[in-house]
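Chain by chain, the residues run as shown.
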Amino acid sequence: MQRIGVFVCWCGSNIAGTVDVHAVAEALKLEPGVVFSTDYQYMCSQAGQNIIKEAIAEHKLTGIVVCSCSPRMHEATFRKTAAAAGLNPYMVEIANIREQCSWVHKDMPIGTEKAIILGKAAIAKVNLNAPLTPGESPVTKRALVIGGGIAGIQTALDIADAGFPVDIVEKKPTIGGKMAQLDKTFPTLDCAACILTPKMVDVAQHDKIRIFSYSEVTEVKGFVGNFDVKIKKHARYVKEDVCTGCGDCVSKCPMKKVPNEFNLGMDNRHAIYIPFAQAVPKVATIDPNACNMIKNGKCGLCAKVCTAGAIDYTQKDEFIEEKYGAIVVATGYNHISMDKFDEFAYNQSKDVITSLEFERLTNAAGPTAGKLLRPSDGVHPHTIVFVQCVGSRCDACAEKGKEYCSKICCMYTAKHAMLTRDKYPDTDVYVFYIDVRTPGKNFDEFYRRAVEEYGVHYIKGMVGKVVPEGNKLKVQASDLLSNKQLHIDADLVVLAAAIEPDKSARPLATMLTASMDTNDFFTEAHPKLRPVESPTAGVFLSGACQGPKDIPETVSQAGAAASKVIGLLAKDKLTGNPCIAHSDEMMCNGCSSCERVCPYGAITYVDKEFRMPDRTTAIRRVASVNPAVCQGCGACTVACPSGAMDLKGFATSQIIAEVDAICK
Amino acid sequence: MQMNEHKPLIVAFCCNWCSYAGADLAGNNRLNYPAEVKIIRVPCSCRVNPMFILRAFQRGADGVIICGCHPGDCHYTSGNYYTRRRMAMLFSMLDYLGIEKERTRVEWVSAAEGAKFAATMNDFVATVTALGENKRLEDLRCKK
Amino acid sequence: MQKITKNQLLDKAAELLDNGTVTAVLGWQKGEFDYDVTPALFENKEELFANFVWNDFCGANFSKYLIKHTRKVEGKILVFLKPCDTYSFNQLLTEHRFDREKVYAVGIPCEGMADIDKVKAIVGDGISSIDCGEKIKVTTIYADAAVEIDGKDVLEGRCESCKSKKHVAYDELLGEEGDVLDSNRFDEVARLEAMTPDERFAFWQNELSRCIRCNACRDVCPACTCEKCVFGNPKSGVENKSPANSFEEKMFHIIRAFHVAGRCTDCGECSRVCPQNIPLHLLNRKFIKDMNECYGEYQAGAEVGSRAPLVNYTTEDLEPGEVFDRRDTDA
Amino acid sequence: MSHNSNLQDDIIRMSGVNPRKCMRCGKCSATCPAYDEMEYHPHQFVNMVENGDIEPLLKSESLYRCLSCFACIERCPRSVEPAKLVEAVRLAVIRQQGANRMKPEDVAAIADDETPQQLLVSAFRKYSK
Amino acid sequence: MRKCSLDKLQSVFAAVNEKMPIYLPANGSDGKAVYTKWAEGVELSDSLNTVRSPKDFFFPQTENMMEFKTEGKTIEIIDVRDEKEDFVIFGVRACDVKSFEILDRVFLTDPVDSFYASRREHGIIVAMACTKPSETCFCQTFGIDATEPMGDVSAWKTDKEIFFKANTEKGEAFMKAIEALTEDADTKEVEAQKEATKKILKKLPLAELDTKAFGGGKTSEFFNHPAWAELSESCLGCGTCTFVCPTCQCYDIKDFNTGKGVIRFRCWDSCMYSDFTRMAHGNNRNSQKERFRQRFMHKLVYYPENNEGIFGCVGCGRCLSKCPISMNIVKVMKKIGGETK
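Residue numbers (this note's numbering), protein chains in the order written: chain A, 21 to 684; chain B, 5 to 148; chain C, 10 to 340; chain D, 195 to 323; chain E, 208 to 548.
With the rest of the complex left out, here is chain A (with noise of 0.2 Å):
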């Protein structure tokens, strides 16, 4: 049995006022448990507190009731009140006889019935609560960030220069991601490798920061603070720490007709290659598929060549255990494929290209030099159609395209329409929109000048459909403010295809029971207090792997995760918060209810031995809680049928004490 002190604030005359306060603490004096009970004008102060501290003391109380605000004024108070008196923290429970009685009745009798039921069931409550005491597990001091683009650069170069080692997971061989792609950014057009590259090569140069390029991560285990981690490093064939990246081996191979993947297929690469000029790693890779020598054997040219002798047929794919206490998605995003979109004649034609392709086609280092030449015949198109929202916003049955906005569609095609119209003044630029979306600084602005100065045609009207007949693209399309249907003959057609979260993403995910929503974009925290989180504790999110982003955008996430990080990895140790879920393993049936409720994945199962009540011993599944993880919502403890899983602080047996002393 408990020995229950009752402290009933006047509030000045808040509650006094509505509430008889010296009624409301004779009537609690009744009931089990309380050994005190009294009233004082103001229970927060100091010499309130002292009263609570004394009759700790002199009463050898094992939890107290302090009828008084909202809990959510002052349990924080009263806690460390108990707290300095020797009684812990968590056996004290509050009466919310103001804003929950005395601010809502007028009536003084009805006040006081109510504060007095309200002060029972907290009596009713505090019996039963037990002394917690909040966990504590220390933090590796690494940060893992997955995925080397701009969101993951930026990331890591933020953690890294406060002092915190981070390691880089990129699935390419070469960290820079979309953002090394592009031409030009908007809204300022200045060229994107010149402020990429710099990072790239901080982060190569960063003590702080491993890259591993041409990896992914294949096994996530443990919780915030403490993640163990498999990375699978592919085999490249060459040893990284001895190429130079010099290029003759890429010069000499025999093997030239791969198509570029950075290019997007645009020109093709040999066997041996290195991406792009600025790559991070700069090492050259092997592509086993296109290799003789790896596929059959015959060739070797490279390693004849390699004065540094960096070639290595037979290296295997590597894996590394790491531990880290933090961990950073920046998996990004790519454009939806254009195979459900027919009436484009993506496929038909190769005069019918994605803005990436376009950015591509007017990057100095990409396939033409930099000279915007029609794929087909080479010859520079006159008449250009750009086609926005190509599978973005639309609806959920129409199963092809995605329901959001891509967000970026609308600014890059003012960007490439600018561009167009800029370098080749004799060229007709054909813009069709629904809306032109132009939320950021100096957006709107950047919009009109490619309309005002730059003589972009913006059409409000969509394409409905391409036809290429001849050297020509027959666009129909409609014009819906002149009310008119019209039909262009274009040399070039551009679509602003949807992006999408990367394939890597949802496996990911599951690795990390971190959550995601129906379109794959991986969920935050808080939608608005906590966007850099993940749900799952110890998992920041990073650029467009959470949603649609442009550059500054992600730039400013970036920044964010990495400080949300270096806040956790600076703490030697975690202290959780003690009201927290827990399963009575001998009730527990393992049956991962309760698991796929968790938000946070804190739950996970262990197979132990166990002495049945028939004295026989059985291996049995229980769930185990991480109380590093749990946040202590309690959602499994309503899903799971066996009433194992408890809450602590708001157990079932105190939820239904306070139940039973309400409806007295």
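Treat the hints with caution; some may be incorrect.
A few chain E residues facing chain B, derived, Cβ under 7 Å [to be verified]: (1) 465; (2) 466; (3) 470.
None of these hints come from the bench; they were simulated from the model. The structure displayed is predicted, hence computed values, not measured ones. No residue lacks a Cβ here, since even glycine has one placed at the ideal position from N, Cα and C.
Please arrange chains B, C, D and E on chain A, whose structure you already have, making use of the hints.
Relative to chain A, chains B, C, D and E alone:
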């Protein structure tokens, strides 16, 4: 009127982050609602076990209302989505057993919706008052 | 009525025992009166050939026994599974309740099981023998001649609205595979839904008032596999042993139905074993029907590892207040 | 603008189309092969139904210019299905008039050797009472 | 012996009901017989017997024993026992009549259970002879004559008439209440019916079952019998057998906190349950085998040991028809008794 003589007893389960704060805001703004409403604080609406609801009715409650964050705003990201399914199913079952469906309710009240909290409670108390005493889920032993 | 014969099952069991695939056989054991069949674990061929039975009264669903037996028996257990049993089998695997490796499941077709009460309603009491062939031949001590009954006329209630003749799990199938059926199993629920609340209340008050809390429904239920049931656990806050009044009758059955909601495969064992003939399956089916209608078709146990509606959600789910509107507009 | 909500409800119900899903991209009109024949174009159709502006549609020959090729349905990013609306308005016309739009004696004038029999039969089914 | 025509049966019930409530087996909504308080229109069921035994009348499933009222920190104890009124249970079969004797030996021996005693004292049992026993019947095994049921009044029902014979003083009171509706009768028809029924009883499948192997003093012989494991193998551990059994008399005493006080009540318990007689140290019968064994050993060995050889079973057959897995006392007797013979 006979009906009005019975003061109903209402148990309101409020999630700590939104609805309990919404109730506090109703207090801050001195928005009155009947004292028959007694609030129990839970971390999330998904902590509310159907057993608690039945227990309340057994012990003499005439109505039980569960308040949580608006869908999409759950502090724990998904708790209230589970609440929504569980309570939809439970309420449908109670109705199937012939128990007045108006006695149970789920309402989403954000921390900013003090006025909605008070209005909801006023409405719920009025609805339950009109139904009269809970007879179909009562335990006479508790009414002595 | 059954198309597959006892000998086919015996031969299969003998073969698997002989070749060492299994060390025990979970099957039906004959009783006193040809209809009182008991589930039994046969550990050798002699016992098997002496006591194994397969007839129109082999309704018992063995899935739940696998939890107990796989913990105890060394080696594999042969279990015979009728189509409806395979759903429970899968559901238990979904919940990790036994080790699949320890079981050799033989699917057997089922033509529906007979209800002895319905047989007695036709032939009267005092049954002295029942011969289950194409027809069910019954003799009683009160009549000289045997009465022939068409099995279809005395089907168990659950078999009248059989949901599936398809086995969703087995290592080996005897006989022919059937199909998932377009059953009328929700008709009775719909009939109740169409009643007024007062009528429904009266209906359930009458049905549940017969409950004697023998726990047969719970103890036979393949979804009720808790190590300790909340109703037997003083710490749960709802423990009780007897239906002291109508509240506790309702409490037990509502909570039980809620706990198995999304996990119940609608095998019908609860109603089969209820000594008081309470149509308990109508509670479980209500949940199934509601979940199907609100959250999309879901059949517990149709596949291992599936996620039940109550441990799942979408952001577009209907509101608790709308479950009623849904029905009002449907009507 | 005339607002005929009864008719609007009927058309929405008959077609099963929710015109509010339209985001006014005009792809239906962009894709329509009969665009130039029409007084009201597919996207206007959707818009007018949404606004309850049905009367002009009932009277418009545009109704019968739609080939029911379903290109608009196929291409609409929002699954609005304009062709179904057109069909529903056609039905509304038939229902409203309550009179024969096609009589046997008219057939000779319309039909020629190349007119398929099936067309006549289905035309009768649709346009006569 | 008195008799009356079956047409007058309702009048007989009405006449009794004027003096005291009368309960009789009537068909419930599920078509099964259930003891029902007679009121206009309640008809005697044709069923052989009820699903629930009539032990409820004397030993109800739940019964409040006392109440504690709490006020602040004071507790008041309230005696809830009240004076019972007389009542009639009509149509009790011979097996169930015998079950009362078995219960009496438990509840009425010192210390007397006042709750049971008070009900028992006020109950008048009108027993009804069987004419169409079921294959599950084996009352003969325990020496019960289904054609000559005991009770305060014995009754026989033929196609047209019903015969009554008082056996006790309470029975005489019942006879008096219906005197005006009955007339004197000879025993010829009753004897004929008995003869016919006895022939049928001999034909019952379980007619040969006997108790020779069992009785007091056999604990060591049967306790470690190897067959218990096999017999209990499939037992679900539910309480169906116990709760439909007319002689099972175990109960649990529990407290129910009403919020304003505590109701101390008892309710049926079953030795098949894992928490049966659970004590501070835990359970004394940990496996289902032990619990299963307890139930049958009690009926076949322990009870007769303490009660002059009377067995704790009356052969009503309820458990035979209601056990979800069809395991029952007959199978146990045959398996265990048969082998040791």
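Taking the hints in turn, this is what the structure says about them:
{"no.": "1", "hint": "465", "result": "holds (5 Å)"}
{"no.": "2", "hint": "466", "result": "holds (6 Å)"}
{"no.": "3", "hint": "470", "result": "holds (6 Å)"}
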